[in-house]
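Enquirer: One letter stands for each residue in the lines below.
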Amino acid sequence: MRSSNQLHAAVVELIAHDDARIKYSTVQNWYPGDKEGTGGIYNFVTKRGKCLGKNSRISWTQVETGSAITWKYPSCILQGENSVGEFYSVAVTNNYQQADTGTKMIHMGKNTKSTIISKGISAGHGQNTYRGLVKILKGATGARNYSQCDSLLLGEKCGAHTFPYLEVNNSSSQVEHEASTPKIGEDQLFYCKQRGISAEDAVNMIVNGFCKTVLRELPMEFAVEAQKLLGVSLEGSVG
Amino acid sequence: MLEVRNLHAKVGNTEILRGIDLTVNAGEVHAVMGPNGSGKSTLAHVLAGRESYEVTAGEVIYEGKDLLKMPPEERAREGVFLAFQYPVEIPGVSTTYFLKAGVNAIRKHRGLEEFDAIDFLALIKEKMKLVEMDQSLVNRPLNEGFSGGEKKRNEILQMAVLDPKLAILDETDSGLDIDALRIVANGVDALRSKDRAILLITHYQRLLNYIVPDYVHVMFDGRIVKSGGKALALELEDKGYDWIKAEVELAQPTIA
Ligand SMILES: Nc1ncnc2c1ncn2[C@@H]1O[C@H](COP(=O)(O)OP(=O)(O)OP(=O)(O)O)[C@@H](O)[C@H]1O
Ligand SMILES: [Mg+2]
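Protein chains in written order, with our numbering: chain H, 1 to 239; chain C, 1 to 256.
Since the hints were made in silico from the structure, they are not lab data. Since this is a predicted model, take the numbers as computed values, not measurements. Fair warning: there could be bad hints in the mix.
Among the chain H residues that face chain C by a calculated CB cut under 10 Å, a handful are [what the hints assert, rightly or not]:
| no. | residue |
| --- | --- |
| 1 | Tyr31 |
| 2 | Lys35 |
| 3 | Thr38 |
| 4 | Gly39 |
| 5 | Glu81 |
| 6 | Asn82 |
| 7 | Glu186 |
| 8 | Phe190 |
| 9 | Cys192 |
| 10 | Ala202 |
| 11 | Cys211 |
| 12 | Lys228 |
| 13 | Val232 |
| 14 | Gly236 |
By construction, the Cβ of each residue, glycine as well, lies at the ideal position given by its N, Cα and C atoms.
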């Protein structure tokens with residue numbers, strides 16, 4: 001395989017006017033490099049969205065399984081009253097992959113709402129970072145945000161990092177953040193094996209369960225594809 | 001079906017099983033009793049193949065094969081089932097999905113055709129009646145937020161679906177209310193058959209009113225120190241374990 005790295009730099013801009021809804025889904029499986037971390041794509045992407053109109057909504061859904069390095073922060077400026085921004089993300093890193101991803105939700109308008117669900121899965125020497133900003137401006141009366149950032153670790157050498165930034169300038173707003181870092185437990189694996197399920201299938205099942213709240217946001221045909229990709233990316237990660 | 005000879009096992013540096021001998025034939029129900037910490041769950045897990053326990057001596061022959069050589073998933077596929085004392089939660093994975101994966105792995109191993117979604121739903125529906133379980137429960141993430149009793153019921157549902165040859169039930173009766181105990185125990189009793197052996201770990205004789213055992217064994221300090229018939233359970237209920245401890249202590253010098 002190629003030992004040099006290639007760059008993928010894309011720019012996506014979305015604008016949603018009154019009552020418009022945009023759902024932007026990505027499943028990314030660029031070449032991640034080899035087992036030693038040689039080669040692979042640098043996936044540096046700019047994605048931003050503006051909920052300009054009243055009651056508008058932008059949803060970013062992404063499943064990132066490929067690339068040597070991913071830097072990507074799909075964002076929403078919530079300007080229109082009652083507008084909604086959503087970010088649903090699954091990022092998997094195995095071998096020497098790195099994913100640094102997250103979102104910015106900037107609340108400007110009244111009663112704007114945002115939801116952030118991020119699931120990072122790390123295996124091998126993989127590193128997964130959630131980096132996000134929730135900013136509530138002075139005028140964003142009644143704004144609400146819910147964030148949930150979970151990281152699943154498979155093995156001893158991988159890492160998960162979470163950097164949530166919150167900036168709140170309006171006292172009527174409500175911001176909630178939850179985070180967890182479970183490890184696939186020996187007890188979960190043993191339970192599955194005791195029912196006849198192989199270690200590999202058990203890991204797939206546990207990982208898919210972990211990502212379920214994100215995967216169900218994907219269009220059906222994407223979800224099936226994404227599930228398979230998760231399995232492929234994690235192949236050989238558990239003995 | 002199962003022949004355990006002089007089985008020793010340790011976790012870390014502590015020896016927990018210190019010479020277990022046990023013979024179980026198809027069709028039999030064996031109750032295993034004994035005080036907390038005597039090694040009952042350890043025995044169950046060692047038979048099921050849990051990697052964190054190290055077998056240091058002894059052998060286990062199951063259906064003519066060396067059980068200790070098989071990885072846990074192979075033991076399951078060969079018909080060994082463990083109902084866990086503490087069933088494990090798997091977020092985002094429903095009982096239905098989990099159990100279908102299990103039953104199909106087992107069927108594949110046995111050269112049988114795998115169940116499709118429709119056949120499987122019919123099967124699980126039928127087995128749910130056995131433990132009077134509600135549909136909503138099997139659609140929820142496995143064991144997540146289940147009450148203690150719901151978890152135990154779910155274990156027996158899994159047993160019914162997986163149709164094991166050797167079922168080891170680790171304190172399936174604890175955490176059940178009186179009605180649930182009757183339902184679950186009758187469910188287990190209905191699963192008795194001449195081809196299946198059941199190892200029933202329990203603290204309470206009341207379970208044995210529903211599932212009358214052929215043999216009762218008492219574990220103490222990593223060994224089976226007394227075996228008998230159903231009457232032994234009644235005697236234990238009446239007298240506790242102290243008299244057995246005393247007997248063991250008296251016998252100690254000769255054992256050494
Ligand atoms: N992983 C472990 N690490 C250290 N000690 C352990 C471990 N597992 C079991 N033990 C110890 O082994 C002994 C036997 O435990 P086991 O769970 O087999 O008992 P039990 O007979 O099932 O008890 P109970 O009736 O309370 O369920 C206990 O002293 C326990 O603390
Ligand atoms: Mg126990």
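Enquirer: Look at each hint and say if it fits the structure.
Expert: Here's how the hints hold up against the structure:
no., hint, result
1, Tyr31, "29 Å, violated"
2, Lys35, "25 Å, violated"
3, Thr38, "33 Å, violated"
4, Gly39, "33 Å, violated"
5, Glu81, "35 Å, violated"
6, Asn82, "31 Å, violated"
7, Glu186, "6 Å, holds"
8, Phe190, "6 Å, holds"
9, Cys192, "8 Å, holds"
10, Ala202, "9 Å, holds"
11, Cys211, "7 Å, holds"
12, Lys228, "15 Å, violated"
13, Val232, "18 Å, violated"
14, Gly236, "17 Å, violated"
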